[in-house]
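Peer 1: Required output: the full structure, derived from the provided sequences and hints.
4 protein chains.
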Amino acid sequence: MVEHKTQLRVRFAETDQMGVVYYANYFVWFEVGRTNLLRDAGLPYRVMEENGVLLPVISANCTYIKSARYDDLLTIITRIHEKPRARVRLDYTVQNESGDKLAEGFTVHSFMRRNGRPVRPPEAFQAIMAPYFKD
Amino acid sequence: MVEHKTQLRVRFAETDQMGVVYYANYFVWFEVGRTNLLRDAGLPYRVMEENGVLLPVISANCTYIKSARYDDLLTIITRIHEKPRARVRLDYTVQNESGDKLAEGFTVHSFMRRNGRPVRPPEAFQAIMAPYFKD
Amino acid sequence: MVEHKTQLRVRFAETDQMGVVYYANYFVWFEVGRTNLLRDAGLPYRVMEENGVLLPVISANCTYIKSARYDDLLTIITRIHEKPRARVRLDYTVQNESGDKLAEGFTVHSFMRRNGRPVRPPEAFQAIMAPYFKD
Amino acid sequence: MVEHKTQLRVRFAETDQMGVVYYANYFVWFEVGRTNLLRDAGLPYRVMEENGVLLPVISANCTYIKSARYDDLLTIITRIHEKPRARVRLDYTVQNESGDKLAEGFTVHSFMRRNGRPVRPPEAFQAIMAPYFKD
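Residue numbers (our numbering), protein chains in the order written: chain B, 2 to 136; chain R, 2 to 136; chain Z, 2 to 136; chain A, 2 to 136.
Everything labelled a hint here was simulated from the structure, so no lab data went into it.
Keep in mind that a hint or two might mislead.
No copy labels: a pair is met if it fits in one copy or bridges any two.
With a straight-line Cα cutoff of 25 Å, these simulated DMTMM-like cross-link-like pairs (lysine to aspartate or glutamate) come out [unchecked claim]:
| id | residue 1 | residue 2 |
| --- | --- | --- |
| 1 | Lys-67 | Glu-50 |
| 2 | Lys-135 | Asp-73 |
| 3 | Lys-135 | Asp-72 |
| 4 | Lys-67 | Glu-51 |
| 5 | Lys-135 | Glu-124 |
| 6 | Lys-135 | Asp-101 |
Quantities reported herein were computed from a predicted structural model and do not represent experimental measurements.
Peer 2: Here you go:
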């Protein structure tokens, strides 16, 4: 398993008139989590894109447990439980400073060329992931 | 079943550097779909909120099939398949002008007072929904 | 002068915890206004981009007069007062259904190639604009 | 003068199909800058709001010099040049890691009660600001 933690503060822009964070913004935080996981693993998504490999989202899911609020300091825990093959699934947990779980969700991605064609995971990506998973 | 169609145009703001719509924005369109369904059904969500009943999202899901692009004219089809009780589930389909299905998803909501307490669906809401469902 | 009106409804996503629309979102509406002005003038920005000419924003300004609220039906009035040359300035007024002015602002744009180089306004654009302005 | 620096990373969500950050998002960063300035000054905006004083935006301005890009590590420099009275003006500069200025802008705010009535700046706010300005 790969696990990564990233911290962020809730922005005023992310709230809505219910006084809590608008539900779609959790998916933005998931993206921050996976961007940081990849960068810290040594393969920034920015570089992957520059090399012509994109990671579009195939499906996305979030379950909302407790509301996140403006100025909360949150921890996004991003995990890869299964060895990535043609597809990668990332799981996310959003926690507040007290360790309460506010939300959890996942995204599934495929590897794709700029022209939209599917492509095998880049070797650099496979090499980085391999040590974390038994075959 | 309740069904509602709403049209919208993809905004430049909704795209990302992949050249297509950023995945979290589909959930914003889902919200446009359910807002319009409720308004056209005669019970605007705005009014429901003014009466102290909120409809927070409990879970959200989207499957991405084909990319939506800037300036596309989209149809959001919003459906309620099952009679709402303590919870309501809405299903969404996003289509382009050619009728291609770009994405589908759903959201589940509960009824809640401003203080966070669960509450029964407002009678006005139940009255509006009743004719569409057999018990 | 060129003038264009477009209508849009305030989305829940656009509000913040003050109970009104978050200030940055007015700039998104300005973009909707100019996209629709160009499309209705017969030169969609989408087509201009496909032809390799971009219209990046050089400066943006908004003055907020009255709050826009969720579900408000707004009119965005977009105007070009001066004949576009190397730069184009668009002015925007946001009105509610009662005709109250909620905000006004402007954006200034340059014409640019994909490589970042400045470029003259496309001839199609000049031809469309010419009848509206005396030299 | 009050000056505050805050760092943030450009999110994928913040880009658009030009391959750079969408112009409205700079105003979100300005808000992050002023939120952090107030928190570090000892008077979190969250607390000010809980005490019933809001800081709505009256006007906003941004000049775009160089594009911010996905995954860039940016510094937002937020300054208050003049002693806040009925209104406060904050100035912002956005820099990349090389120290290049990408954008600069400002926002002007008033102090307001929840009911929309103007109100004098809270004493705690005045006390915190006083040492930075000669009368």
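Peer 1: All the hints need checking, so say for each whether the structure fits it.
Peer 2: Structure-based check of all given hints:
Taking the shortest Cα distances, Lys-67 and Glu-50 sit within 25 Å of each other only across copies (20 Å), while inside one copy they are farther apart (35 Å). Proximity of Lys-135 and Asp-73 under a CA criterion of 25 Å is satisfied in neither setting, with 37 Å inside one chain copy and 35 Å between copies. With identical chains, the CA atoms of Lys-135 and Asp-72 are never at most 25 Å apart, being 40 Å at best within one copy and 31 Å at best between copies. In the homo-oligomer, the alpha carbons of Lys-67 and Glu-51 lie at most 25 Å apart only across protomers (20 Å), although the nearest pairing inside one protomer, at 38 Å, exceeds that limit.
Taking identical chains as interchangeable, the C-alpha atoms of Lys-135 and Glu-124 lie at most 25 Å apart only when both belong to the same chain, with a minimum of 17 Å there against 56 Å between chains. Within a single copy, Lys-135 and Asp-101 get their C-alpha atoms no closer than 31 Å, and across copies no closer than 40 Å, so neither meets the 25 Å cut-off.
When the structure is compared with the earlier hints, violations turn up for hints 2, 3 and 6 and for no others.
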